[in-house]
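Protein chains: 2
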Amino acid sequence: MANPTAAMIVIGDEILSGRTRDSNLHYLAKQLALVGIDLQESRIVLDVSNDIIDATNALRSRYTYVFTSGGIGPTHDDITADSIAAAFEVSIDVRADARAILATNYKDPDKELTQARLRMARIPDGATLIDNPVSRAPGFSVENVHVMAGVPAVFEAMLDGLLPKLGAGKRVLSHTVHTNMKEGDIANPLGAIARENPDVSIGSYPYYKDGTFGCNLVVRSTEQNRLDEVAAQIEAAIQKLGE
Amino acid sequence: MANPTAAMIVIGDEILSGRTRDSNLHYLAKQLALVGIDLQESRIVLDVSNDIIDATNALRSRYTYVFTSGGIGPTHDDITADSIAAAFEVSIDVRADARAILATNYKDPDKELTQARLRMARIPDGATLIDNPVSRAPGFSVENVHVMAGVPAVFEAMLDGLLPKLGAGKRVLSHTVHTNMKEGDIANPLGAIARENPDVSIGSYPYYKDGTFGCNLVVRSTEQNRLDEVAAQIEAAIQKLGE
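Protein chains in written order, with the numbering used here: chain C, 1 to 243; chain Y, 1 to 243.
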């Protein structure tokens, strides 16, 4: 059976303005690979409600899971929760259980749980909360869309708690064959091996380092024996070319 | 006049599989900010032709410029050029000028310019070449879509040559106000300042470091005087809260 699929929506001006280099997508990609969920697309959007709604609706119907990061804090630019509610056409309001969780952060919640902070307890109708062991304010899941924080330490903690609860697949194994040959030298036999083994993914990743090119040929499969077979074919092809 | 807008398509399994952390998007975002082109969206897609075609057509009609990275090498998984041609419904073939550029890499081009390497001279009909000072094999532009390599050193060199040729805007200036206050403490006055100054972008970026939270409040505008005015308002609001 094929693995479940996933997409990610990174919400936030700071990635697109060049201020911040995203790390949540990279963390998610690594964690999903370990549990056999195939991340197949990602979109990075501005803090603009219609963009979040459009991306959510485009992806949630196409993939098993959608994960989002960013925009669930207390400030004016945190519009993710309301946008997700709009995407699902459900209502949203401060929810008692989310409010109670937030309240544990404060000595005097009645005073310190300001209207701004209560934004973080606004949860779309029908959502399930996602635990935040770092700073309390929860994420949430609506159907197959899992909404998490943008701060990497919080995103990572939320995901670590959420992932074991999701249906996963077979871990994708990989084997990297490194060569100092240029891609163009290995391309023909590599293409033939790829055509003969359509059940296995073969990627060629060239690099440029200290003035020379080389490439990493990465074989990916959920089946160890197929991985070994195809990696051996690639190694043999490289050896033959080098003779 | 508003600045030109842009989107980026990152093409490549290696980002989504978690093998590689993207750096081209971050480089592009920083360079575009310097010249006043507003990067408003990014999509990361697999090496799958339909996904590349769909993303290209969705974005090229919406933004002034679309930049792509990845998938223009000589191997079987390099399908970007053919996919871009399909998106524009134009033909694609080995082009003499691109072939001549590639040939300068080899002592004996007739022998060394293999069929695989000639894939790198396949250029969609009507495209303009993008110079590659690192490894020769050119990128290309079709209308407002600019197709570049995935290897960061090559992507960066291509972009550095291309950007001065594109119509740019007014550089977006930014001013960061740092505070040890939590977002929830500053959210109310910050929201009021944002509402009163809709011409200026104000982002709140919380962080978590060494066990404590804080946040950076980033004001962005093309107008230095507006930047200064709004930053001063935020600093005054923080000072007032701290009293």
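Hints may be right or wrong, so weigh each one.
Per the computed footprint, the stretches of chain Y lying under chain C, defined by three or more beta-carbons under 8 Å from a beta-carbon of chain C, are [said to hold, decoys possible]:
#1 29 to 35
#2 224 to 237
In silico SDA-like cross-links for lysine to any residue, where the CA-CA straight-line distance does not exceed 20 Å [to be verified]:
#3 C:K111 / Y:P189
#4 Y:K182 / C:H76
#5 C:K111 / C:D97
#6 C:K182 / Y:G242
#7 Y:K182 / C:K170
#8 Y:K30 / C:R19
#9 C:K107 / Y:D185
#10 Y:K107 / Y:V134
#11 Y:K240 / Y:E229
#12 C:K240 / Y:T114
#13 Y:K182 / C:K30
#14 C:K209 / Y:S49
#15 C:K107 / Y:T114
#16 C:K170 / C:Q40
#17 C:K182 / Y:K111
#18 Y:K111 / C:N188
#19 C:K111 / Y:G242
#20 Y:K182 / C:G126
#21 C:K182 / Y:R136
#22 C:K209 / Y:E229
#23 Y:K240 / C:E112
#24 C:K30 / C:A153
#25 Y:K182 / C:T114
#26 Y:K182 / C:D110
Hints are computed from structural coordinates only; laboratory data are not their basis. Backbone N, C-alpha and C define an ideal beta-carbon position, used for all residues, glycine too.
Unmet hints by their number, sorted upward, for this structure: When the structure is compared with the hints, numbers 2, 6, 7, 13, 14, 15, 20, 22 turn out to be violated.
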